[in-house]
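Undergrad: Below are the chains, spelled out letter by letter.
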Amino acid sequence: MSRIGVFVCHCGENIAATVDCARVAEISSSIPGVVHSVDYKYMCSDPGQNLIKQAIQEKKLTGVVVAACSPRMHEPTFRRACAEAGLNGFLCEMANIREHCSWVHEKGEETTRKAADLVRILVEKVKRNRALRPIQVPVTKTALVLGGGIAGIQASLDIANAGQKVILVERGPSIGGHMAQLSETFPTLDCSQCILTPRMVEVAQHPNITLLTYSELESLDGFIGNFKARIRKKARKVDEKLCTGCAICMQKCPQKKIPSEFNAGIGTRTAIYVPFPQAVPNKPVIDTENCRYFKTGKCGICQKLCPAQAVRFDQEDEIIEVDVGAIVCATGFDVVNTDFFPEYGYGLYPDVITGLQFERLASASGPTLGEIRRPSDGKVPETVVFLACAGSRDRAKGIEYCSKICCMYTAKHAMLYRHKVHTGKAYVFYMDIRAGGKMYDEFVRRAIEEDGALYIRGRVSTIYERDGKLIVKGADTLLGGEPIEIKADMVVLATAAVANPGAEELAQKLHVSYDAHNFFAEAHPKLRPVETNTAGIYLAGACQAPKDIPESVAQASGAASKVCGLFSQDQLSREPLIASVHRTAPPLYSICTGCFLCESVCPYRAIERETITTRDGKPIKTVARVNPGLCQGCGTCVAVCRVKAIDLDGYSNSQLYAEVRALA
Amino acid sequence: MRIAYFPGCSLTGSAREFDESLRAVARRIGLNLVEVPDWNCCGASSAHALDHVLSAALPARILALTERTGVGDLLVPCSACYNRLISTVHELKENPTLRAEVRRLLGMELHLTVRVRNVLEVLKEALEESNSTKIVAPFSHKVACYYGCLLVRPHKVVGFDRPENPQSMDELMRTVGAEPIHWAFKVECCGAGMTLARTELVARLCSRILDDAQARGADVVITACPMCHANLDMRRSDIEAVAGRRFSIPVMYVTQAVGLALGATARELGLDRHMVDCQLLTAGASKASTAISQP
Amino acid sequence: MVNPKARNIIAFHKSFLNSIRLTGRMFEIGMIIDYKRRSLRLFQDVLLAPKLLVRGKLHFFPHRIKGAKEVRNLFKGIKNRGSVQ
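Chains as they are written, first to last, in our numbering: chain A, 1 to 664; chain B, 1 to 295; chain C, 1 to 85.
Hints were generated in silico from the structure; no laboratory data involved.
A couple of the hints might just be wrong.
[What the hints assert, rightly or not] Straight-line Cα separation of at most 30 Å, DSS-like style, residue types lysine-lysine; simulated pairs:
hint : chain 1 : residue 1 : chain 2 : residue 2
1    : C       : K5        : B       : K93
2    : A       : K487      : B       : K142
3    : C       : K5        : C       : K79
4    : A       : K41       : A       : K60
5    : A       : K547      : A       : K404
6    : A       : K397      : B       : K156
All chains, please: the whole structure from these sequences, using the hints.
TA: This is how it looks when you write it as structure tokens:
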């Protein structure tokens, strides 16, 4: 037998100004099943809540309807109040007579009637509510961080320093990411590796961090707090435990002219190599595609000469399985190459380079040891033209977004060039100057005013080579709209930042949303920038969108704090408003026919298959089962189920039909 | 191979050697040209500049007449006519209001089924199809292939070759034995219809084109546009006046170069109609041209 | 409303279209005479013209297509809409 209590709130003037609350309470008292119906000025206040608690105890209520504001505001408040009075919180419902009634209508009889109707349908619903318990899901307190750039490093350190375990997986032979390739960072012109390498070493030595380099995520299963990851540790062909880092193998390797990835293609490396001298771990890797031994069977010098006998040609890839509770995706970005630009020569002019390649020229550990020299003939360029927005903000090139970091690093490059070549001329062709961070605009001003970079507002239509010079044809749109032609020795394109190769495949492995440009999607662009729509997977750094170092670090710490929040409990508590599949006694067991249409439409992969068996294990039928850890209660499965075998707790079919019928 | 043929006003007038050389080549490679009966001017850049509907209506009449011939493909050698016709097909397909308006004005049936093709793609196809074609006198010269603006732009409309550093003419020239050079002014504008109203501008633009071609060692500039040819050849003395120096490099139509390779005579190909002497080229030897422009 | 610098360019285009309107095809000599009238550049290219004639590049008489009336009607139909001519 239902004993429902109705509590109508005035909400000060918010509801009372247009709705006659006393009358609504009076009308509600005559609904069959309602044994208590009152109104009060502020239901959410202490005395208001006490009214509810007293009524529950005195009148032995079996359900409560609070007619007030939106449940998005105070549903937790009233559920807690009921629970404190001994009534299960999920037997309390709110009728929204504020946002749905008093705030959108004029004062009058009709408005009061509507409010009474809203109360009535909620009463009919609450009569059919069941007492529910929050779902507890265990949490594995190990985090998996994918990507060893600055974002991945920061996230790993934050989580590890909070006392939790971290597994850091990096695809390349060393951690460090793009930050390790930079020469100096804006706006302080700090030496990039000087500020990065201490953190890299900290990661390697931290007792809570397991570093897996030259490794990639093979597959991922499970759900928040309970992921199962399989990681492929690619074969370095070198035994890391034996290698001492003496580098004799690299000195003696006869295959010397392979374009170096770390040097963005303008330097070379050997087939057995460590990407850069400060690599962590400082253990070499054999590039089997370019190694003489692996291509022809001849050579093997590195193995012969290694004093620690660490070279192992027969080493195989290893699959490691780990249980983790949360994942931080920090896989970073890439830049577009010069061959992307037909108007700038299809990548055929060696002296037209990308911003990243210029960093390597400027870097003291680069192929020219920090001297700015032309890749074609090694001469020092006297005139360098920098093109901002090369590819970005260009619908015709398919990259409509702004790559964010280029205005700043172009100013930096102009400054570095001028610092190193005092007589050189630096021109920058720009569309806008985007320098929004702290001390950023001052930095650009310094490039222009102190270091003499010549900024021209306009774009470059074409670059061609003539008599050893690069003819840059652009326009000066600020001072008269005149065409401008510059005879340059070198051209640096600030090419667009794009998602890393393999980003799409990784997103699909993680089951994380991504956009048309393969950047991973955050849960909400404003208020949830470090979470994804997949519970338990967080984002850090440029894999979400192009961003600079301070933002990547901040986002990484944000992701780390989410992970630590998740790990702060042993069990994860979730709202039980989820779907469940009908189960009943044998011989039917369930009206589910096993068509699994629900499985195919569930956006959260929350439906599993369950085989019902006899005591001896003989299978009877396979039915659907909802994973309580993953289900978000969206109701899509309920809509498609052809036999109505699946239903949503708290919004069941019978509850909703009752609400609709109450209005008729 | 049979194809409908729209010569356009220039090919019957100031660029008649383009028409002559095209027919000479067509005869030798089994290309049957079916001239569109009673064709009108396409309006060129003038209609395009002054009236949008007119710029679509004039080409539309040509397309309607072509449909009546029953031949599906239309060869348009002049780059400007080619661009106008293919743009009109594109626009009429995309814009229903304009389509209705043009149909109403024309009073003729127009189904937009004609495929507008340029001389480069048609020659390539015809040469490939023809079994009996022999290159009797390989055109072994260094050539600067000049595409101009209208053959490859806008790419979304013409869908032909690549807008930056195109290769179709270069490849065609290679098949007849020439050595196309890599140069920087392949698709730079010659000044086009400004030839009367802004002659000094045309002269300036053309001087840069010729300068680059000559500096990179080309023996001849090959073109497929009567306007470009007129600006680079007919206006040679104006160009030399603006540049303050002589330019000896001759300018030929692609059909003339192909014609020579196929064994046609200079007369047949209208080579004597140019302002800048092409004679040394007919010898078939690779030599730096030292001819001086005729007074 | 037209930039004075562009007057001759527009004059050229108008002369061109005028030529087509009459016969359906472009008549160079007629067009050039019309252009000279509009632009008052009476002596422009006077040295060039004989060279073109000698090479057979200029016609003495215009060629009138059979459908010249259709073309003229096109122009008329558009003019009645009220656009540039």
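Undergrad: Tell me the numbers of any earlier hints that the structure contravenes, in ascending order.
TA: Of the numbered hints given earlier, the structure breaks just one, which is hint 1.
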